[in-house]
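Numbering (my numbering), first residue to last: 27 to 433.
Calculated directly from the structure, the hints in this document are not laboratory data. Please note that a few of the clues may not be correct.
[Unchecked claim] Listed next, the in silico DSS-like pairs over lysine-lysine satisfying Cα-Cα at most 30 Å (straight line):
id: 1; residue 1: 155; residue 2: 93
id: 2; residue 1: 281; residue 2: 109
id: 3; residue 1: 384; residue 2: 416
id: 4; residue 1: 384; residue 2: 331
[Claimed, not checked] Listed next, with one range per pair, are the computed distances between beta-carbon atoms:
id: 5; residue 1: 44; residue 2: 208; range: 32 to 42 Å
id: 6; residue 1: 198; residue 2: 151; range: 12 to 22 Å
id: 7; residue 1: 402; residue 2: 211; range: 50 to 60 Å
id: 8; residue 1: 147; residue 2: 419; range: 46 to 56 Å
id: 9; residue 1: 365; residue 2: 198; range: 41 to 51 Å
id: 10; residue 1: 419; residue 2: 172; range: 16 to 26 Å
Virtual Cβ for every residue (Gly too), placed ideally from N, Cα, C.
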Amino acid sequence: MGYKQKYSEIVNLEAVNEFMTERGWQRRSCDTCGRTFFSKPSTKIDVSICGWHKCNKGHYQFCTYSKRKKMLEPVQISSKMSKYFRSVGFELITPRNIANFKGQTDLVIAGVQIFDDVIHHNQKICKDKMFVVQPCVRMQFQPHVESQEGTSTSFVNVCTENMEVNFREHLQLVDHWCTILSKLGLHMNDFIITIRTSVKDWGTGKFSALELFFSYGGLELGDATYLLIPQASRSAISISDIGFGLERIVWAINKTDSYFDTLIPWTANGTREMFDSCRTLALLILCGVQATNKGPGLQFRRFAKVISGKYYGANIYGILRYYFDYWAQFIEPSISRESAIHLARLEIERFVNLKIYKTLKLPSPRDETTETYFNRLVYTYNINIYKLRKAMQDVLPNAENQYISNS
27 MGYKQKYSEI VNLEAVNEFM TERGWQRRSC DTCGRTFFSK PSTKIDVSIC GWHKCNKGHY
87 QFCTYSKRKK MLEPVQISSK MSKYFRSVGF ELITPRNIAN FKGQTDLVIA GVQIFDDVIH
147 HNQKICKDKM FVVQPCVRMQ FQPHVESQEG TSTSFVNVCT ENMEVNFREH LQLVDHWCTI
207 LSKLGLHMND FIITIRTSVK DWGTGKFSAL ELFFSYGGLE LGDATYLLIP QASRSAISIS
267 DIGFGLERIV WAINKTDSYF DTLIPWTANG TREMFDSCRT LALLILCGVQ ATNKGPGLQF
327 RRFAKVISGK YYGANIYGIL RYYFDYWAQF IEPSISRESA IHLARLEIER FVNLKIYKTL
387 KLPSPRDETT ETYFNRLVYT YNINIYKLRK AMQDVLPNAE NQYISNS
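Kindly generate the complete structure, drawing on both the sequences and the hints.
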């Protein structure tokens with residue numbers, strides 16, 4: 027990155043300052059991290075710190091704001107957003123399949139990946155204004171689901187994606203997002219917008235990105251990023267990539283006690299990890315991902331192993347049905363619900379069968395459910411059923427309840 031790009035960064039930073047000032051935002055500096063951020067003069071937020079969760083120590087002030095009289099479901103909110111962006115000239119784009127066999131990641135992690143073929147395979151540049159409701163999976167969140175509020179491995183990225191726009195055009199797109207967020211009841215007085223530059227490399231060379239992070243009452247909702255991506259055989263491609271987490275917007279609007287309150291079946295009990303694992307596994311199956319030892323299928327296998335090892339005995343197949351229906355609101359299923367549940371069950375119970383097989387040194391399992399495996403052991407090999415049940419209780423949590431419910 028040379029002088030020309032550094033000069034461009036300075037010009038863009040000045041353009042941000044001008045854009046925000048014209049709209050009544052005040053520029054400030056975070057006492058903790060030093061980042062520049064913007065807030066409204068009438069805000070009730072602590073303006074000595076920015077909206078980054080490490081600076082505000084995970085304090086979600088928005089939960090104390092006045093609540094709506096009637097809660098909104100995720101699909102209602104995404105529909106309102108789709109209607110707005112269509113009304114201002116955006117084309118509604120079909121989301122990508124979650125399995126990302128051609129890109130730089132195994133799974134789709136952001137809406138901007140609709141441009142993967144353009145960026146990495148030299149396809150024709152698309153100049154359409156696009157809005158997409160894109161399911162995503164980010165595996166790096168898995169260790170934090172249980173302990174960190176507002177975190178899940180799978181979520182819907184509602185985003186606008188535009189190629190070959192200049193920076194001032196990008197800021198006009200940011201203005202659209204401020205409008206729709208306000209229309210949804212998330213008023214700009216309750217936002218902090220933090221500015222940051224970062225260096226990225228998406229496999230075509232290093233480049234600088236200018237990012238605006240939107241934090242609502244202490245909750246990071248999304249970001250607006252301007253990219254200039256190097257290309258080997260043509261000029262660098264400019265991209266306006268603005269994306270927000272739909273489920274976080276849902277939490278911000280409904281102001282429930284927890285992020286997961288509207289994301290789990292009302293009558294179900296369990297840990298965040300259990301629900302998150304079932305939720306993401308349901309998305310992978312819905313998109314046609316099958317268990318393998320590499321690529322997208324490896325993530326399928328990892329979630330199935332977590333469910334098998336920790337939660338076999340809970341109503342996991344009922345929960346998987348619930349999440350299949352959730353994701354089917356946003357992406358066309360590649361498989362029927364019952365076929366999906368059967369595939370999930372085969373993989374989850376493959377781990378169960380292997381544990382029983384190794385513990386009792388029994389005939390090896392096939393590609394079959396635990397019920398089918400036990401049936402074969404009892405009627406073909408004359409294995410004592412009580413011995414099998416005892417083994418399940420020894421090696422698996424709540425296995426007795428699961429076996430009874432399947433019997």
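Worksheet item: Which of the numbered hints above does this structure break?
Response: 1, 5
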